[in-house]
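Participant: Go by the hints and put chain B onto chain A.
Going line by line, the protein sequences match chains A and B.
Counting from 1, position 77 in the first sequence corresponds to residue 76 in numbering that gives the first Met the number 0; the numbering is continuous, with no gaps.
Counting from 1, position 237 in the second sequence corresponds to residue 236 in numbering that gives the first Met the number 0; the numbering is continuous, with no gaps.
FYI, nobody ran anything at the bench for these hints, they're computed from the structure.
Ideal placement from N, C-alpha and C gives every residue a C-beta, glycine not left out.
It is possible that some hints are incorrect.
[Claimed, not checked] Here are the simulated DSSO-like cross-link-like pairs (lysine-lysine), alpha carbons at most 27 Å apart as the crow flies: (1) B:K225 <-> A:K29; (2) A:K99 <-> B:K99; (3) A:K67 <-> A:K208; (4) A:K158 <-> A:K99; (5) A:K149 <-> B:K44; (6) A:K99 <-> B:K332; (7) A:K158 <-> B:K299; (8) B:K29 <-> A:K158; (9) A:K149 <-> B:K22; (10) A:K314 <-> B:K19; (11) B:K314 <-> A:K19; (12) A:K44 <-> B:K29; (13) B:K19 <-> A:K332; (14) A:K257 <-> A:K199; (15) B:K44 <-> B:K221; (16) B:K44 <-> A:K29; (17) B:K332 <-> A:K19; (18) B:K158 <-> A:K29; (19) B:K149 <-> A:K44; (20) B:K149 <-> A:K29; (21) B:K29 <-> A:K225; (22) B:K67 <-> B:K208; (23) A:K19 <-> B:K158; (24) A:K149 <-> A:K29; (25) B:K208 <-> B:K99; (26) A:K332 <-> B:K99; (27) B:K22 <-> A:K44; (28) B:K29 <-> A:K22.
[Stated by the list, open to error] Listing some non-contacts, in silico: residues in chain B with all C-beta distances to chain A over 10 Å: (29) G33; (30) G42; (31) L184; (32) V185; (33) Q187; (34) E263.
[Claimed, not checked] Residues of chain A placed beyond 12 Å of chain B at every Cβ, according to the derived structure: (35) P65; (36) N155; (37) E204; (38) R213; (39) A218; (40) A222.
Residue-level listing of the chains:
2 protein chains.
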Amino acid sequence: MARTEIAALGEFGLIRHLTKDIKPVQPSTKKAVGDDCAVMDFGTKKVLMTTDMLLEGIHFNLEYVPLKHLGYKAAVVNFSDIYAMNGTPTQITVSLGISKRFSVEDIEALYSGIRLACERYNVDIVGGDTCASMNGLTISITCLGVANAKDIVYRNGAKLNDLICVSGNLGTAYMGLQLLERERLVAQGDEKAQLAFEGKEYLLERQLKPEARRDMIEALRKAGVKPTAMMDISDGLSSELLHICSQSNVGCCIYEDKLPIDFEAAALAEEMNLNIVTCALNGGEDYELLFTCSLDDYEKLIPVDDLYIIGHITKPEYGCNLIGRNGEELALKAQGWNAFNE
Amino acid sequence: MARTEIAALGEFGLIRHLTKDIKPVQPSTKKAVGDDCAVMDFGTKKVLMTTDMLLEGIHFNLEYVPLKHLGYKAAVVNFSDIYAMNGTPTQITVSLGISKRFSVEDIEALYSGIRLACERYNVDIVGGDTCASMNGLTISITCLGVANAKDIVYRNGAKLNDLICVSGNLGTAYMGLQLLERERLVAQGDEKAQLAFEGKEYLLERQLKPEARRDMIEALRKAGVKPTAMMDISDGLSSELLHICSQSNVGCCIYEDKLPIDFEAAALAEEMNLNIVTCALNGGEDYELLFTCSLDDYEKLIPVDDLYIIGHITKPEYGCNLIGRNGEELALKAQGWNAFNE
Numbered sequence: 000m001a002r003t004e005i006a007a008l009g010e011f012g013l014i015r016h017l018t019k020d021i022k023p024v025q026p027s028t029k030k031a032v033g034d035d036c037a038v039m040d041f042g043t044k045k046v047l048m049t050t051d052m053l054l055e056g057i058h059f060n061l062e063y064v065p066l067k068h069l070g071y072k073a074a075v076v077n078f079s080d081i082y083a084m085n086g087t088p089t090q091i092t093v094s095l096g097i098s099k100r101f102s103v104e105d106i107e108a109l110y111s112g113i114r115l116a117c118e119r120y121n122v123d124i125v126g127g128d129t130c131a132s133m134n135g136l137t138i139s140i141t142c143l144g145v146a147n148a149k150d151i152v153y154r155n156g157a158k159l160n161d162l163i164c165v166s167g168n169l170g171t172a173y174m175g176l177q178l179l180e181r182e183r184l185v186a187q188g189d190e191k192a193q194l195a196f197e198g199k200e201y202l203l204e205r206q207l208k209p210e211a212r213r214d215m216i217e218a219l220r221k222a223g224v225k226p227t228a229m230m231d232i233s234d235g236l237s238s239e240l241l242h243i244c245s246q247s248n249v250g251c252c253i254y255e256d257k258l259p260i261d262f263e264a265a266a267l268a269e270e271m272n273l274n275i276v277t278c279a280l281n282g283g284e285d286y287e288l289l290f291t292c293s294l295d296d297y298e299k300l301i302p303v304d305d306l307y308i309i310g311h312i313t314k315p316e317y318g319c320n321l322i323g324r325n326g327e328e329l330a331l332k333a334q335g336w337n338a339f340n341e
Numbered sequence: 000m001a002r003t004e005i006a007a008l009g010e011f012g013l014i015r016h017l018t019k020d021i022k023p024v025q026p027s028t029k030k031a032v033g034d035d036c037a038v039m040d041f042g043t044k045k046v047l048m049t050t051d052m053l054l055e056g057i058h059f060n061l062e063y064v065p066l067k068h069l070g071y072k073a074a075v076v077n078f079s080d081i082y083a084m085n086g087t088p089t090q091i092t093v094s095l096g097i098s099k100r101f102s103v104e105d106i107e108a109l110y111s112g113i114r115l116a117c118e119r120y121n122v123d124i125v126g127g128d129t130c131a132s133m134n135g136l137t138i139s140i141t142c143l144g145v146a147n148a149k150d151i152v153y154r155n156g157a158k159l160n161d162l163i164c165v166s167g168n169l170g171t172a173y174m175g176l177q178l179l180e181r182e183r184l185v186a187q188g189d190e191k192a193q194l195a196f197e198g199k200e201y202l203l204e205r206q207l208k209p210e211a212r213r214d215m216i217e218a219l220r221k222a223g224v225k226p227t228a229m230m231d232i233s234d235g236l237s238s239e240l241l242h243i244c245s246q247s248n249v250g251c252c253i254y255e256d257k258l259p260i261d262f263e264a265a266a267l268a269e270e271m272n273l274n275i276v277t278c279a280l281n282g283g284e285d286y287e288l289l290f291t292c293s294l295d296d297y298e299k300l301i302p303v304d305d306l307y308i309i310g311h312i313t314k315p316e317y318g319c320n321l322i323g324r325n326g327e328e329l330a331l332k333a334q335g336w337n338a339f340n341e
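Isolated chain A, as found in the complex (with noise of 0.2 Å):
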């Protein structure tokens, strides 16, 4: 494959490279990518912003994550965070720093996945920077997005007897990751080795190329349903459920078996003899969707896909609960990844 060094464009060179045929799909879109700033036009609703920092090394292994998989992922999982908040993306700004390892076309992979998110999503690429690093790539994007006023959810609104819902199923990206680990190590071994992915491809795309649930959030506003608290699962269902119960002084009860568990998962993790239901507890990286509804909107939850009632809110008094199988009652800990512990 043909490899351009980035040094013979230039960072500006670069820029008008990877920028040159965008085309704004957003009204709110005024200008995009080519001046101090980008200039957007929301009229009257309200305006949403998050941001993701990514770094070599601590949250991707490019060993086994392909760079257009990484430039997806860095760009949906900011929308999840707008999609929590019931809100829409509409621009993003990205931020690469390259190290001399990666050439134009490295970084041009890299683009097609943001790219192809932001086509997906109907998201615009504004603006961003762009500069050698000494060390790896660090990918840092910011999003904005907008709402109206009165459909805006917050992590506090929880109240007592609530449900407690999420979306799609929990554990699932984590044991991709562990699937690609268990892979890197045994063909570190063995150069020719046979990666044994067969039939666990559902674990590696949840794991390499997971998406925002725009699908959840539209459905429930076919639904009629606002919830009245709502987050997305990144560090694991615990550890945000959690925050939510904090911040809305509540406590919860979940049950073992409403965890919506994936099949392909539970199987990979019994034969690499890790529990899955503390997988789906803490793993992390599902992307899905955590949200609390009032019971009044119990029965138009039920015909909504995917939507899965896990338990429900309590008083503070409670704590935050897991009742088990056999009816034994675990308090939940963010046991969440935290990459500043050795």
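Facilitator: Using the frame of chain A, we list chain B on its own:
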């Protein structure tokens, strides 16, 4: 000095510690740190967005840049982009990638600089991301601002015969950097070396603690002048002027003897055998404003403090030229700093 490991607080603990007493001052900030997104209400104003990434070893050297100054500068360079559109900065998100070398106290120092800049410029910190990094310190700040549609100044509005103006002086930040680099090399040879910074504090300040030219934007507004094109000077006058000319499809002619040059900077350049005009043209990091104004505004520009008319806009066929002290004509080149070159 005390050293608290970041692992002792964890990611959420660190974020809480850094942001616990942040109080938004902008009426447009409806929800700051603490949810999936920040929420803003800009009414019917236009929203400006810009972003800047700073990487250790590329953009800064912590051997001589204090962390508090670094934080201040990282915020101010973003404000500068918003002013360069004739807007007002209102919110930032701050993403940090932090290696184990840094303690909680280090990040407090960095953050105190960011917060000081925000206080001085009335900007709210509304979110961010804090994560571990493998190597060094990464800072990515994204800034929002507002402007009325009719006030926004782009790069592409320069017209034939417009006056070319700059604020402040040029090349000074670059000379500050040369001074710091020289003294770093001196100190390397001898740990007890007395650094020769006396009388050169202004140069250091221009490099370490630049300001955004809000005052010039306000002065122009007061004088009743709206520039036809504007940008801030981060990569050097030549590079920026070429941007304005190419985007406006015009040429330009500037005069060497009109370039505003600081006396201290000129003296140091002489001492170090550097050509101060080259430094002024290509030095970068001055964060002064470069703008063009209609000839009709000439009378209004004269009384504005710290504003220098350095030339005028020509037909595109003329190209972009500097007229030397002896009348010689030199084509301007974008020799601006390119970190992708070896």
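Participant: Does each hint fit the structure? Answer for all of them.
Facilitator: Verification of the supplied hints:
| no. | hint | result |
| --- | --- | --- |
| 1 | B:K225 <-> A:K29 | holds (20 Å) |
| 2 | A:K99 <-> B:K99 | holds (24 Å) |
| 3 | A:K67 <-> A:K208 | holds (9 Å) |
| 4 | A:K158 <-> A:K99 | violated (52 Å) |
| 5 | A:K149 <-> B:K44 | holds (20 Å) |
| 6 | A:K99 <-> B:K332 | holds (25 Å) |
| 7 | A:K158 <-> B:K299 | violated (61 Å) |
| 8 | B:K29 <-> A:K158 | holds (22 Å) |
| 9 | A:K149 <-> B:K22 | holds (24 Å) |
| 10 | A:K314 <-> B:K19 | holds (26 Å) |
| 11 | B:K314 <-> A:K19 | holds (26 Å) |
| 12 | A:K44 <-> B:K29 | holds (12 Å) |
| 13 | B:K19 <-> A:K332 | holds (22 Å) |
| 14 | A:K257 <-> A:K199 | holds (23 Å) |
| 15 | B:K44 <-> B:K221 | holds (21 Å) |
| 16 | B:K44 <-> A:K29 | holds (12 Å) |
| 17 | B:K332 <-> A:K19 | holds (23 Å) |
| 18 | B:K158 <-> A:K29 | holds (22 Å) |
| 19 | B:K149 <-> A:K44 | holds (20 Å) |
| 20 | B:K149 <-> A:K29 | holds (13 Å) |
| 21 | B:K29 <-> A:K225 | holds (20 Å) |
| 22 | B:K67 <-> B:K208 | holds (9 Å) |
| 23 | A:K19 <-> B:K158 | holds (25 Å) |
| 24 | A:K149 <-> A:K29 | holds (25 Å) |
| 25 | B:K208 <-> B:K99 | holds (26 Å) |
| 26 | A:K332 <-> B:K99 | holds (25 Å) |
| 27 | B:K22 <-> A:K44 | holds (23 Å) |
| 28 | B:K29 <-> A:K22 | violated (31 Å) |
| 29 | G33 | violated (7 Å) |
| 30 | G42 | violated (7 Å) |
| 31 | L184 | holds (20 Å) |
| 32 | V185 | holds (24 Å) |
| 33 | Q187 | holds (19 Å) |
| 34 | E263 | holds (29 Å) |
| 35 | P65 | holds (20 Å) |
| 36 | N155 | violated (8 Å) |
| 37 | E204 | holds (23 Å) |
| 38 | R213 | holds (14 Å) |
| 39 | A218 | holds (19 Å) |
| 40 | A222 | holds (21 Å) |
When each numbered hint is compared with the structure, violations occur for hints 4, 7, 28, 29, 30 and 36.
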